[in-house]
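Participant: Quick note, the sequences are listed as chains A and B, same order.
Take the position in the first sequence, starting the count at 1, then add 29; the result is the number in this note's numbering.
The numbers in this note's numbering rise by one with no breaks, and the one at position 343 of the second sequence is 329.
Keep in mind the hints are simulated off the structure, nothing from the lab.
BS3-like, lysine-lysine: derived pairs with alpha carbons at most 25 Å apart:
{"#": "1", "chain 1": "A", "residue 1": "Lys174", "chain 2": "B", "residue 2": "Lys52"}
{"#": "2", "chain 1": "A", "residue 1": "Lys154", "chain 2": "B", "residue 2": "Lys343"}
{"#": "3", "chain 1": "B", "residue 1": "Lys52", "chain 2": "A", "residue 2": "Lys110"}
{"#": "4", "chain 1": "B", "residue 1": "Lys179", "chain 2": "B", "residue 2": "Lys279"}
{"#": "5", "chain 1": "A", "residue 1": "Lys171", "chain 2": "A", "residue 2": "Lys154"}
{"#": "6", "chain 1": "A", "residue 1": "Lys154", "chain 2": "B", "residue 2": "Lys28"}
{"#": "7", "chain 1": "A", "residue 1": "Lys104", "chain 2": "B", "residue 2": "Lys215"}
{"#": "8", "chain 1": "B", "residue 1": "Lys28", "chain 2": "B", "residue 2": "Lys343"}
{"#": "9", "chain 1": "A", "residue 1": "Lys110", "chain 2": "B", "residue 2": "Lys215"}
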Amino acid sequence: MSEVLLRQLQKYAADANGKVAVPRKGEIIVEIDQGKVKDFISRVVNDLRIRHLSTMTGLDLGQNVGIIYHFWRDKDTIHVKTPVPKTQPTAVSIVEIIPGAILYEMEIHDMFGITFEGNPWMDRKLLLPDTWPADLAPPLLKSSKPAEIRKRLQLEVERK
Amino acid sequence: MTAEQVQPKRKEESAGLMKYSAENLVPFGPIHPALKEPEYFKLVLEGERIVQVIPRIGYVHRGLEKAAEMRPWVQNMYMFERTCGICSFVHSLAYGQAVEGLTIYEVPRRAKYIRLIIAEMERIHSHLLWVGLMGHWAGFETLFMWVWRDREVVLDLVEAISGNRVHKSMNAIVGVRRDMPENMEDRIVERMKFLVDRARYYREIIDTEETMLERTEKIGKLSPDTAEKLCAVGPMARYVGLRKDVRLNDPYAAYDEVPFDIITSNEADVHALLRLRLDEIVVSANMISYAVKHLPDGPIRVKIPPVIPAGEHSAHCEAPRGEIFYYVKSGGGRTPERVKVRTPTLANLPTALEILKGQTIADVPIVLTAIDPCFGCMDRMSFLDTETNRQWTWSGEQLRQYGINHYFPERLKR
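Please work from the sequences and hints to get the whole structure.
Facilitator: Structure, rendered in structure tokens:
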């Protein structure tokens, strides 16, 4: 990992009141508030020229849903983490900066119920069936139980 | 099926039609019984040209990420191997590396070499499978037959090493489960030499055979900047000239010890993709020969306790189709708290949608096959002419025939 990259990230994170950690060689974790994450990512992409977003991960953290943006360049992986409260599940979309993120945002929308403001395809489903009931909890939240999903979607197989 | 039998079933479809009333909307997909990843594309057409593509995936979504949260760490490894029926090994490799990062154990050097050998054999078999399919969709059936015959060579070797052709179950957490059989070295080197010769021969064929040239040249153009913006991975990034390869940029297993070249291209069309993948077969075969000759001695596996320490870690590997990504979070228990999988086809889908724009219907099978998707959707295609409201359905075979007739009308007269 280059020291220059780490120092730059620390500087950007400090501007956005974020924290930087290096848990092991080649891995940088940046924690940032939801309001500042778009600016931070636009600086990573445009100024540092780290243009490859590997994917976005959603996580159930209890009160919040955590979103992690995984960036990759050479031997460095940069994880940008941001929490989104479950009571107000809206996050800001980064499709303007990285057009390739569109499907990853749709996936988190399906699986965790987070709406990304600015994503043009938020009105349709990517992975869940069209018949998914609106009042059923998104499937990857810890509160969602497979047995209930099978019951509500009438997927129970009759066993002889 | 006759035209009258096909009726619009969903209101949503007709609403879409109203929206694009000046254009044709072609639903494309989703079910193909033989393939594991059906996808559904709505193609918006202006005459013959595609102007927009809207994807809908998830028809075979099995909830593996949720299932992983209820299973022990070791069991998950073999479950994730079944994510894909072609590049199965690399899934368990990426999952294994993500979990190994959370432990204090180091993978033995011999195991790293064995992992490399199996991963490269998988790449050869996946690329050969793809070259054969390209031949099939282009109307060059002989190529399909020959290439798939040669693919048996590498599948036999995989079977001799692991006992299985597809789901090898070779990986363990920290190491591999099976050692290389005794006295395999000469056989592997000889078979790899055969595959190198075949790949070079096919390379010559696709550069000279008119059928392949007409169907693949100047089709599927993409600029490097767009590919980078859309986060393309694997051969889809390399065929426009980007040097993006996890094996080179962030070496894992024994890739830092085995010499190899990265193949890139600057032509950026489907023909360049064919050449690139055939060249990669040669590179992989040479890597395997090198690895079996320099296979180090020693243990192949470290036994570890069933509990993985708390923490989070991610790992990525170069699957035949591009970067594959696993993220693992452990709460210190017997099961993971979260496992995230990102397959290369999902990463390449936005790129494929971009390439399809401006192509004709006749090129759809070729272009969609070119990204080497885990390939759904070709079996059924229904058409709707908005002016006359006439509907009809084509099977994958009819669609293939349409593509061939479009390019080689003289064959119709024969």
